[in-house]
Amino acid sequence: MASRCKIQTLQVVDTEYSADAVEWCPVDSWHSILACGTYQLKKLDCKNPNESDEPHVRLGRLYLYHFEEQIFVPLTEVQRLETAAVLDIKWCPVPIAEHPVLGVANARGEVELFRLTGSEKTCALGLLCAASLGPECLVLSLDWSARREQCLHPLRLVSSDSKGRLSVLEVAESASSVAVLQQWKAHDFEAWIAAFDCWNPYVVYSGGDDCKLRGWDTRSNSRTPTFTSERHSMGVCSIQCHPLREHLLATGSYDERVLLWDTRSMKEALSDTHVQGGVWRLKWHPTQENLLLAACMHDGFKILDCRGSLAENQEQCRVLSSYVLHNSLAYGADWSRLPLKDPVLQCTEMSAAPADEGTEEALAVQHLKIVYESPTATFDLLLDHEEPAPASSVQAERSVDPRGPGPAGDSASTKAPSSATLLESQSETSLLATCSFYDNVLHVWKWEMGQAVPPPSVENLH
267 MASRCKIQTL QVVDTEYSAD AVEWCPVDSW HSILACGTYQ LKKLDCKNPN ESDEPHVRLG
327 RLYLYHFEEQ IFVPLTEVQR LETAAVLDIK WCPVPIAEHP VLGVANARGE VELFRLTGSE
387 KTCALGLLCA ASLGPECLVL SLDWSARREQ CLHPLRLVSS DSKGRLSVLE VAESASSVAV
447 LQQWKAHDFE AWIAAFDCWN PYVVYSGGDD CKLRGWDTRS NSRTPTFTSE RHSMGVCSIQ
507 CHPLREHLLA TGSYDERVLL WDTRSMKEAL SDTHVQGGVW RLKWHPTQEN LLLAACMHDG
567 FKILDCRGSL AENQEQCRVL SSYVLHNSLA YGADWSRLPL KDPVLQCTEM SAAPADEGTE
627 EALAVQHLKI VYESPTATFD LLLDHEEPAP ASSVQAERSV DPRGPGPAGD SASTKAPSSA
687 TLLESQSETS LLATCSFYDN VLHVWKWEMG QAVPPPSVEN LH
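Quick note: to get the working numbering, add 266 to the position in the sequence shown (first position is 1).
Think of the hints as simulated: they come from the structure by calculation, not from any bench.
Cβ coordinates follow ideal geometry from the N, Cα and C atoms, glycine included.
Be aware that one or more of the hints could be misleading.
Unchecked claim - No more than 25 Å apart at the CA atoms, straight line, and that leaves these computed lysine-lysine pairs for DSS-like:
#1 Lys387 / Lys309
#2 Lys387 / Lys451
#3 Lys451 / Lys429
#4 Lys429 / Lys308
#5 Lys533 / Lys549
#6 Lys387 / Lys607
Stated by the list, open to error - So the derived label-pair ranges between C-beta atoms look like this:
#7 Asp608 / Thr388: 35 to 43 Å
#8 Glu282 / Glu335: 33 to 41 Å
#9 Pro605 / Thr342: 32 to 40 Å
#10 Pro605 / Asn466: 27 to 35 Å
#11 Thr490 / Gln336: 52 to 60 Å
#12 His419 / Pro609: 23 to 31 Å
#13 Met500 / Thr342: 38 to 46 Å
#14 Ser594 / Asp528: 18 to 26 Å
#15 Glu555 / Glu348: 19 to 27 Å
Can you make the complete structure from the sequences, with help from the hints?
In structure tokens:
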């Protein structure tokens, strides 16, 4: 059964600094809250920076937004905090002392915890505590032990840093303090990513610039990895354990490949999907277990359907949609848990054909409303564009619109589905946020996937 996927861009926000991390709050009653972290290298004032001994200053800013489903400007900034440069952010999936808590990895070598207080439209983050991982290092990633809401107490964090180390941190019951419990050298170069196995909080995974993917049992004092894989040919920079399917792990790398693994057998990957860009972040959908969101650096953001790889032993996942409206490195990405009332408008539509048809999606942009926000100016940019914009191919050699031209020679992707098709389809709409680096931009968009249900035949009506 063919899938029809549609995308509607709701808002584009200027973050001023380079945006590299974005997370919707997963705590109940706070799903409309979005956090975004930024990183900016301050230029030296001297005429010749190469001759100066002054270290570069890494500035950051933490933004907090509230989303409300409405036509105009659904995303509202509620707070901004000047910080050290932010490299990763993660909300704790469960409240701590009855409040949401945001973990921040920064360029000062610290893991910071911020508490969210107030109401949804007037909320604010306040610094609770911080732990230093050592001098002259950047904290590159962090993850919570509580992603399935069933976890050890007290809560724990794992982080990776620019010196190739992993650190396990323990959070006090009220989040009044956070302390480093364990720290060890895990990779020869930068340890780009660290993540808990959300089904076993004693197990963590890490990926580094040494092209190695490793597993660790934090109960062991030997500091010997439980496995080491060199299946990726370049640095491993994204890892996420599936919160709905035990033993399923997704990894991504600068080698432009997304690999799925059965953690019970790490010798061979279950599937290998080429996504045309280095995979900086991976996020499983919070409720749809087959959907995986990938931030593909030079090739935008992609939504993968992993159903065939998991159930039918297909060698690669199917790319359902590509979001290519960012003009710079695709870094931060996340799914929202907020239920949406309105369906996707006929703005951007992509049709995904079954993988065995040897076709790719075609992207068409219509009536796109972009809103830029900055501290000094707010202005609207309305685009009424009906020329198809290219989407990245599912495979490099595939470049055909699966629907072909319409009866009048127009591309089928630019035409709205008939009322009969709309009535006879099953769809689900998700809200996403993505951000890109050098253009300093945060996008909020809707994605809808519908399964076309064929109308009843004439014979069946009698």
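Evaluation of the provided hints:
no.	hint	result
1	Lys387 / Lys309	violated, 35 Å
2	Lys387 / Lys451	violated, 43 Å
3	Lys451 / Lys429	holds, 8 Å
4	Lys429 / Lys308	holds, 22 Å
5	Lys533 / Lys549	holds, 23 Å
6	Lys387 / Lys607	holds, 19 Å
7	Asp608 / Thr388: 35 to 43 Å	violated, 25 Å
8	Glu282 / Glu335: 33 to 41 Å	violated, 26 Å
9	Pro605 / Thr342: 32 to 40 Å	violated, 19 Å
10	Pro605 / Asn466: 27 to 35 Å	holds, 31 Å
11	Thr490 / Gln336: 52 to 60 Å	holds, 54 Å
12	His419 / Pro609: 23 to 31 Å	violated, 41 Å
13	Met500 / Thr342: 38 to 46 Å	holds, 39 Å
14	Ser594 / Asp528: 18 to 26 Å	violated, 35 Å
15	Glu555 / Glu348: 19 to 27 Å	violated, 39 Å
Of the numbered hints given earlier, the model fails hints 1, 2, 7, 8, 9, 12, 14, 15; all others are met.
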